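Taken in order, these protein sequences are the chains called H, D, U, L, F, B and P.
Each residue of the first sequence is one higher than the one before, starting from 1 at the first, in full-length UniProt numbering.
Each residue of the second sequence is one higher than the one before, starting from 1 at the first, in full-length UniProt numbering.
Each residue of the third sequence is one higher than the one before, starting from 1 at the first, in full-length UniProt numbering.
Each residue of the fourth sequence is one higher than the one before, starting from 1 at the first, in full-length UniProt numbering.
Each residue of the fifth sequence is one higher than the one before, starting from 1 at the first, in full-length UniProt numbering.
Each residue of the sixth sequence is one higher than the one before, starting from 1 at the first, in full-length UniProt numbering.
Each residue of the seventh sequence is one higher than the one before, starting from 1 at the first, in full-length UniProt numbering.
Incorrect hints may have been included.
Said to hold, decoys possible - Restricting the straight-line Cα-Cα distance to at most 27 Å, the calculated cross-link-like pairs of lysine-lysine (BS3-like) are: (1) Lys68(U) <-> Lys79(L); (2) Lys3(U) <-> Lys68(D); (3) Lys68(B) <-> Lys3(P); (4) Lys3(F) <-> Lys68(F); (5) Lys68(D) <-> Lys3(D).
Said to hold, decoys possible - Now the stretches of chain B that chain P is said to cover, found in silico as 3 or more residues with beta-carbon under 8 Å: (6) 1-13; (7) 81-89.
Derived by calculation from the structure, the hints in this document are not laboratory data.
All values reported here derive from a predicted model rather than from experimental measurement.
For each residue, glycine too, the CB sits at the ideal point set by N, CA and C.
Each chain is listed here by its residues.
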Amino acid sequence: MLKPLGDRVVIELVEQEEKTASGIVLPESAKEKPQEGKVVAVGSGRVTDNNERVALEVAEGDLIIFSKYSGTEVKYEGKDYLILRENDILAVVG
Amino acid sequence: MLKPLGDRVVIELVEQEEKTASGIVLPESAKEKPQEGKVVAVGSGRVTDNNERVALEVAEGDLIIFSKYSGTEVKYEGKDYLILRENDILAVVG
Amino acid sequence: MLKPLGDRVVIELVEQEEKTASGIVLPESAKEKPQEGKVVAVGSGRVTDNNERVALEVAEGDLIIFSKYSGTEVKYEGKDYLILRENDILAVVG
Amino acid sequence: MLKPLGDRVVIELVEQEEKTASGIVLPESAKEKPQEGKVVAVGSGRVTDNNERVALEVAEGDLIIFSKYSGTEVKYEGKDYLILRENDILAVVG
Amino acid sequence: MLKPLGDRVVIELVEQEEKTASGIVLPESAKEKPQEGKVVAVGSGRVTDNNERVALEVAEGDLIIFSKYSGTEVKYEGKDYLILRENDILAVVG
Amino acid sequence: MLKPLGDRVVIELVEQEEKTASGIVLPESAKEKPQEGKVVAVGSGRVTDNNERVALEVAEGDLIIFSKYSGTEVKYEGKDYLILRENDILAVVG
Amino acid sequence: MLKPLGDRVVIELVEQEEKTASGIVLPESAKEKPQEGKVVAVGSGRVTDNNERVALEVAEGDLIIFSKYSGTEVKYEGKDYLILRENDILAVVG
Chain H
1 MLKPLGDRVV IELVEQEEKT ASGIVLPESA KEKPQEGKVV AVGSGRVTDN
51 NERVALEVAE GDLIIFSKYS GTEVKYEGKD YLILRENDIL AVVG
Chain D
1 MLKPLGDRVV IELVEQEEKT ASGIVLPESA KEKPQEGKVV AVGSGRVTDN
51 NERVALEVAE GDLIIFSKYS GTEVKYEGKD YLILRENDIL AVVG
Chain U
1 MLKPLGDRVV IELVEQEEKT ASGIVLPESA KEKPQEGKVV AVGSGRVTDN
51 NERVALEVAE GDLIIFSKYS GTEVKYEGKD YLILRENDIL AVVG
Chain L
1 MLKPLGDRVV IELVEQEEKT ASGIVLPESA KEKPQEGKVV AVGSGRVTDN
51 NERVALEVAE GDLIIFSKYS GTEVKYEGKD YLILRENDIL AVVG
Chain F
1 MLKPLGDRVV IELVEQEEKT ASGIVLPESA KEKPQEGKVV AVGSGRVTDN
51 NERVALEVAE GDLIIFSKYS GTEVKYEGKD YLILRENDIL AVVG
Chain B
1 MLKPLGDRVV IELVEQEEKT ASGIVLPESA KEKPQEGKVV AVGSGRVTDN
51 NERVALEVAE GDLIIFSKYS GTEVKYEGKD YLILRENDIL AVVG
Chain P
1 MLKPLGDRVV IELVEQEEKT ASGIVLPESA KEKPQEGKVV AVGSGRVTDN
51 NERVALEVAE GDLIIFSKYS GTEVKYEGKD YLILRENDIL AVVG
């Protein structure tokens, strides 16, 4: 299992085929092309200056759109994941 | 449905024809050309260091002017949307 | 009507003729040339980290000097406006 | 009258002759040459994140030294002024 | 013993062989290649503006993934270590 | 008299001869060569976001080492001074 | 005596010979080579926005590793010192 730190989430990349099924089509001309993924793990949130954790808005299982070129790719137990900061997530789909 | 995160909003781009109807005409010489859109979804707001959400000033249905070149284009269920941060919205029209 | 967001104001540009009347003359050599305008709408203010709005110092009807090249030009119902952040306003005249 | 906003002050430039009289002589080799001026108006101060105004340290009539190349020149009712942020003021003379 | 300061951790680099055993395989094409390590010492945490220490999320013995090119290499008593800030740790594995 | 603002101090430059006497010798190879001076006036301190002044650590008469190339040179009543921010002071000597 | 300001410390550089004795060997390939030193004086700490001093984690006599190229070299009463910010200290050895 991968447990992300702070305000990070672990994302399973959604295949191009599934993408069409869920209705998201990415325009050719987009300056900052978004991508779709499924949240498989969420961090415990960033810590404010008042020493409180800010819980993430997304939860395990959420289908999300995120900014392309953000995050770090990881291959774990044979599957590809992406570790993102919540700030790179644009919206939840569904 | 697209549910934006944090202080983001989802905008439906207003067609050039509608723009004339609502009275906004963009000057040729504008350094940072604004554009018009209709808010279709708002995020729950950014979190302050006191761990409180700051509700957005704009609401669903608002007609807004935003800075050109801001945000990320998304095509969802065949329609074009733009996901913006509230900070890129200049004014509400109406 | 244009309702600016946050700490923004909507300014009606003051004509060169009026400028002379109100006594402001801009020096040729100014590095950052100021300009004059009349406030026609003010935002509800920025939100502090304590989730309070900071009311703007300027009010509707104020004659102001602002830094040239700041803000975004908008033409609305046939008139030219400028949307500025309060921070780009140097002084109130009068 | 010019009423500066926030932590700004309006300065009347002190003539080169007066400068000698008050005892300030600027060295040729100074990297960042200071200049002298008289405060003619002060803003109400910046607003902290606790929504309190921080009163300025300088007052009307103070003779000050400020960093050259800071601020914005304004000509108002035939006289030259400079609008500075308090942070560009180095010291009060007197 | 090495006792890291603030929000730093001391990491023992995990050999390429062990890496395969634990299931992490790094993709060739990763823009920001993550690496694996074992936490051998943690700092007491950063200090907030309220003068409180924020305890680290990772603990001694944790197997972690961190961003390549982060941290500082140190050889201590014949072994190689890496001193990282917690912010450069992407996730805990296990 | 020069009364510095905020977290600034006015420094009287210590001559090269005195420098040797007090035991400070600056290495030729220093990347950021420090210099020695005597504090002749201190500001009332910076204002925190809680609207409190932070008193300076240095006092009138202190012999200090500061980073070369910091501050602004001023000649006042025939003597050379340097106006520095307290942050540019490295240490008090003595 | 040198009394560092704020979150600074005064470091006595540890000779290459001693370094080997204490077990620290610096790798040739290190991007940011750390160095070893002994703390001879600590500042009273930085001041938070709540106007409290944050005591330093290191104390007089600590053997530390710090990032090469950080700090300012000073020669005082014939000995070489380095004045560092605590943030440039990676770990305490011992």
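Status of each hint after checking the structure:
no.: 1; hint: Lys68(U) <-> Lys79(L); verdict: 20 Å, holds
no.: 2; hint: Lys3(U) <-> Lys68(D); verdict: 18 Å, holds
no.: 3; hint: Lys68(B) <-> Lys3(P); verdict: 18 Å, holds
no.: 4; hint: Lys3(F) <-> Lys68(F); verdict: 22 Å, holds
no.: 5; hint: Lys68(D) <-> Lys3(D); verdict: 22 Å, holds
no.: 6; hint: 1-13; verdict: violated (count 0)
no.: 7; hint: 81-89; verdict: holds (count 3)
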